[in-house]
Amino acid sequence: MGPATDREPHAPGPPGHLDEPPVIELRGVAKAFGIVRALDGVDLAVRPGSVHALVGENGAGKSTCIGIIAGVHRPDAGTVLVRGTPTRFAGPAAAEAAGISVVYQEQSLVPDLDVAQNIYLHREPRRGPFLDTRRLYRDCTAHLERLAIPVAARAPVRGLSVAERQLVEIAKALSRDASLIVMDEPTASLTSVEQEHLFRVIEDLRAAGRAVLYVSHRLDEILAITDTATVLKDGRLVRTMPTAATSHQELVTLMVGRELVADLYPPRPASIDRSGPPRLSVRDATIAAGGQSAIEDISLDVWPGEIVGLAGLIGSGRTTLLRTIVGVEPGATRGVQVDGVEVDPSPSAAIAAGIGFVTEDRKLEGLALDLTNLANLVSTTLPARRGVYQAAAGRAIAETAADRASLPRRVLGARSRTLSGGNQQRVVVGKWLAIGPRVLLCDEPTRGIDVGAKADIHALLRGLAESGMAIVMASSDLPEVLGVADRVLVLREGRLVAELPGGVTEATVMAAAAVGGDTLGDSGAAGAGGTAGNDGTMTAGDADEPPMGGR
Amino acid sequence: MTSVPASPTARPGLSGFDLREQVARLGVWVALGVVLVVGIVAVPNFATAANADAILRQAAVLGIVALGQTFVVLTGGIDLSVGMLMGLVTVLANGIMGGDPALILPIVLLALGCGLVTGVANGLGVVAARVDPLIVTLAMLSVLQGVIFIYTDRTVGSAPAEFRDLAYGSIGPIPTPALLLGGLAVVCWVILARTPFGRYVHAVGSSAQDARKAGIPIDRIRLAAYVVCSVLAAIAGLVLAARLGSGFTGAGAGFELSSIVAVVVGGTALSGGRGGVAGTLAAVLLLTILATMLNLLGISPFAQRVVNGVVIVVAVAVYTAQRREA
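As they're listed, the protein sequences go chains A and B.
Quick note, in the numbering used here, the first sequence goes up one by one and the last residue is 551.
Quick note, in the numbering used here, the second sequence goes up one by one and the last residue is 326.
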């Protein structure tokens with residue numbers, strides 16, 4: 001998400017209370033997994049009252065750093081100091097006891113317990129030897145209300161969306177009276193309103209003298225809310241500096257080690273071909289209660305060469321819409337046509353019609369992590385003759401798909417689990433390129449991947465669109481939606497509420513997504529790119545300022 | 001944008017009510033009701049006090065071992081050794097007592113000791129040696145079977161009358177074994193639903209990795225579940241010994257599967273994490289009543305084995321399908 005558009009930029013100044021010892025300090029910490037040196041002589045000190053950014057590309061060592069601070073990993077060399085005292089954590093419980101609380105990126109909630117049981121897991125209020133359930137729910141409800149998190153204390157975690165789980169995760173970390181809160185990509189699945197909210201919470205923590213170690217790929221956020229930034233690259237410390245003294249460009253350069261294209265979202269020549277029928281046409285997609293949320297009467301058309309962005313808050317129905325198009329939502333009614341030909345509601349019919357679906361959670365839905373990348377790449381096509389898999393043909397398909405997704409061929413034989421997030425995403429995209437898609441649906445295509453890989457994915461999507469593909473991209477990352485899409489559809493509470501051209505401001509989209517005017521679903525239904533409603537004046541503040549990432 | 005996020009949370013059931021979840025939880029009670037009604041209406045001699053008494057007595061043995069199995073399955077494990085442990089306890093108890101009531105207390109302690117040792121061994125195999133519980137407890141089954149046959153290869157000993165009261169006595173109008181089952185079930189329910197340990201049993205089974213991140217000592221929880229399971233199996237073995245009255249070497253055969261059937265039919269997920277003893281108890285009554293009906297209808301008792309085999313696959317398939325859709 002972009003910078004905190006309407007917040008006052010706090011004076012970053014010197015980090016926190018310099019006179020107090022750091023809440024946590026790593027000195028010359030090294031850690032290897034097998035032959036991989038994940039960390040090599042890293043120094044890091046997080047002071048009370050500081051919001052400290054930890055940045056680096058995937059594989060730079062951020063996760064290992066967090067693991068050591070959280071007591072999950074033990075360093076091979078170097079010292080960990082807690083408030084100036086050298087400490088060796090025996091496990092996560094020891095780190096927790098030392099006042100360290102972690103919001104993990106890969107979520108750590110137990111699915112069969114409810115929200116309250118998760119938030120207070122292993123710290124349950126007790127009465128004698130028994131659980132005090134009444135107090136558990138009372139405390140939890142109060143805590144959630146204080147943070148204004150719209151999730152019920154008794155809701156089973158299994159039924160929550162990814163974003164809701166993320167909010168619960170944050171609530172869990174904040175329910176401990178921790179002096180250091182580590183946040184690993186906390187905004188990865190949050191929409192802008194929720195992010196704004198989180199930033200306010202972080203600001204409160206800072207004001208209360210807590211320390212926050214903030215890990216994110218979103219440099220705009222880093223620049224907006226942190227006061228100190230530490231850059232890691234290849235397991236080594238590159239530099240620690242006051243955030244005020246750095247820039248987006250410098251951070252990228254330090255992370256990547258090379259000058260990256262200055263503009264993350266370069267303008268794209270319009271290649272939309274409206275001469276024929278739409279490549280993808282959806283009519284009246286409705287589902288009363290899908291796996292995640294309901295949608296109602298959504299219609300849209302996407303022409304060859306066009307990228308349509310889907311924006312909306314959590315639960316607005318973006319994922320449900322994509323799943324409905326592909327035919328994996330039971331009970332949905334919809335009419336889907338590809339190039340004017342009706343597509344039956346089943347994933348196999350969708351694939352046969354040339355619809356690829358890059359799913360939201362690559363680890364859960366997108367990849368068989370323990371299979372090779374080659375196996376994943378051919379999983380959509382599986383060339384066979386008389387029921388026998390044709391290995392040579394499979395390899396050829398995988399190599400072609402890998403090339404198109406700019407995945408190095410040498411990793412084809414490796415298990416998908418071993419890849420970085422960015423490369424895993426390339427495999428997911430690649431396996432759909434293998435079917436020769438005419439339509440590509442992408443749900444959060446760059447979630448949790450580093451800035452370089454993200455730009456590559458964007459370039460890839462643009463290239464595919466230029467080759468005549470119709471692309472629908474749902475994303476919580478609003479600058480991404482606005483920067484990549486030719487046209488933006490805004491969903492709210494399962495309805496299509498606005499249709500906007502790609503270049504509009506974030507404020508315009510957010511106004512439609514959160515506040516919303518009249519439902520515009522009818523007029524926007526078959527629109528070919530005309531703007532509908534909403535000029536952005538509904539939002540107060542200096543929201544017109546472009547995100548620091550530029551477009 | 002000064003307002004807090006008013007994002008709608010997709011689900012209308014903010015209270016966390018989930019229809020499918022309730023079906024999975026309550027289905028066994030509905031089935032129990034249906035079977036009772038069918039039995040009362042259609043099966044001769046079913047709705048008699050004598051039959052109710054018999055059903056409760058018969059349910060006790062399976063019930064107690066199934067309570068223990070519930071703990072292990074909730075952690076995501078499985079214990080195939082419970083049946084053979086019950087067999088060992090039966091053979092040792094009746095073999096050693098030989099009708100001498102003075103030996104009752106030592107025998108009870110010996111049985112509990114057997115349960116403790118077996119449980120610790122199973123648990124260590126799973127958490128320390130990191131061997132799949134299926135293999136660990138199958139190996140334990142073989143070990144226990146070996147021990148039985150080293151001790152004797154024929155039916156031995158006898159139970160003193162005082163000891164047989166454990167299976168055939170009554171306290172007031174209630175059969176002693178049913179009272180024992182009821183008491184143990186209440187204790188198990190309180191442990192699982194109302195204590196931190198019970199909460200951690202669920203957490204470990206639902207996601208061991210996440211439970212560990214929350215600081216839960218997952219190995220200790222798993223180990224404890226196997227110990228609880230084996231100790232309860234040993235108690236079930238004592239009731240079985242009292243019921244049979246002699247040390248029959250094949251006494252415990254089949255209880256490993258029927259206890260798992262009871263747990264699964266009772267709504268506890270084989271993958272762990274959700275379920276509990278209330279469902280298990282209902283399933284035990286259901287299975288016992290079905291067996292009694294087969295008996296009253298003159299069908300071979302071994303048909304129950306056939307039913308068990310079919311039921312476990314069907315039950316798991318139904319619950320899996322529900323979970324997939326949910």
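Hints listed in this document are in silico derivations from the structure and should not be mistaken for laboratory results.
Don't be surprised by glycine CBs; every beta carbon is placed ideally from N, CA and C.
Some hints here could point you the wrong way.
According to the in silico footprint, chain A covers these stretches of chain B (three or more CB under 8 angstroms from chain A) [what the hints assert, rightly or not]:
(1) 36 to 43
(2) 236 to 250
Label-pair restraints from in silico Cβ distances [claimed, not checked]:
(3) A:Ala391 with B:Arg154: 56 to 66 angstroms
(4) A:Thr418 with B:Val314: 33 to 43 angstroms
(5) B:Leu138 with A:Ala459: 24 to 34 angstroms
(6) B:Gly146 with A:Ser348: 46 to 56 angstroms
(7) B:Pro101 with A:Phe130: 53 to 63 angstroms
(8) A:Arg410 with B:Arg130: 24 to 34 angstroms
(9) A:Asp177 with B:Ala102: 53 to 63 angstroms
Each hint, compared with the structure:
Counting residues of the region 36 to 43 of chain B whose beta-carbon sits less than 8 angstroms from any beta-carbon of chain A gives 0, not enough to reach three: the coverage restraint is violated. Given a C-beta distance limit of less than 8 angstroms, the hint that chain A covers the region 236 to 250 of chain B is violated, as 0 residues qualify and 3 are needed. Distance hint check: the CB atoms of Ala391 of chain A and Arg154 of chain B are about 60 angstroms apart, consistent with the given range 56 to 66 angstroms. Checking the proposed 33 to 43 angstroms range against Thr418 of chain A and Val314 of chain B shows it holds: the Cβ atoms sit about 40 angstroms from each other.
Leu138 of chain B and Ala459 of chain A have their C-beta atoms about 55 angstroms apart, which leaves the hinted 24 to 34 angstroms range violated. For Gly146 of chain B paired with Ser348 of chain A, a C-beta distance near 52 angstroms keeps the hint of 46 to 56 angstroms intact. Separated by about 38 angstroms at the C-beta atoms, Pro101 of chain B and Phe130 of chain A break the suggested range of 53 to 63 angstroms. Checking the proposed 24 to 34 angstroms range against Arg410 of chain A and Arg130 of chain B shows it holds: the Cβ atoms sit about 33 angstroms from each other.
About 59 angstroms separates the C-beta atoms of Asp177 of chain A and Ala102 of chain B, a value consistent with the hinted range of 53 to 63 angstroms.
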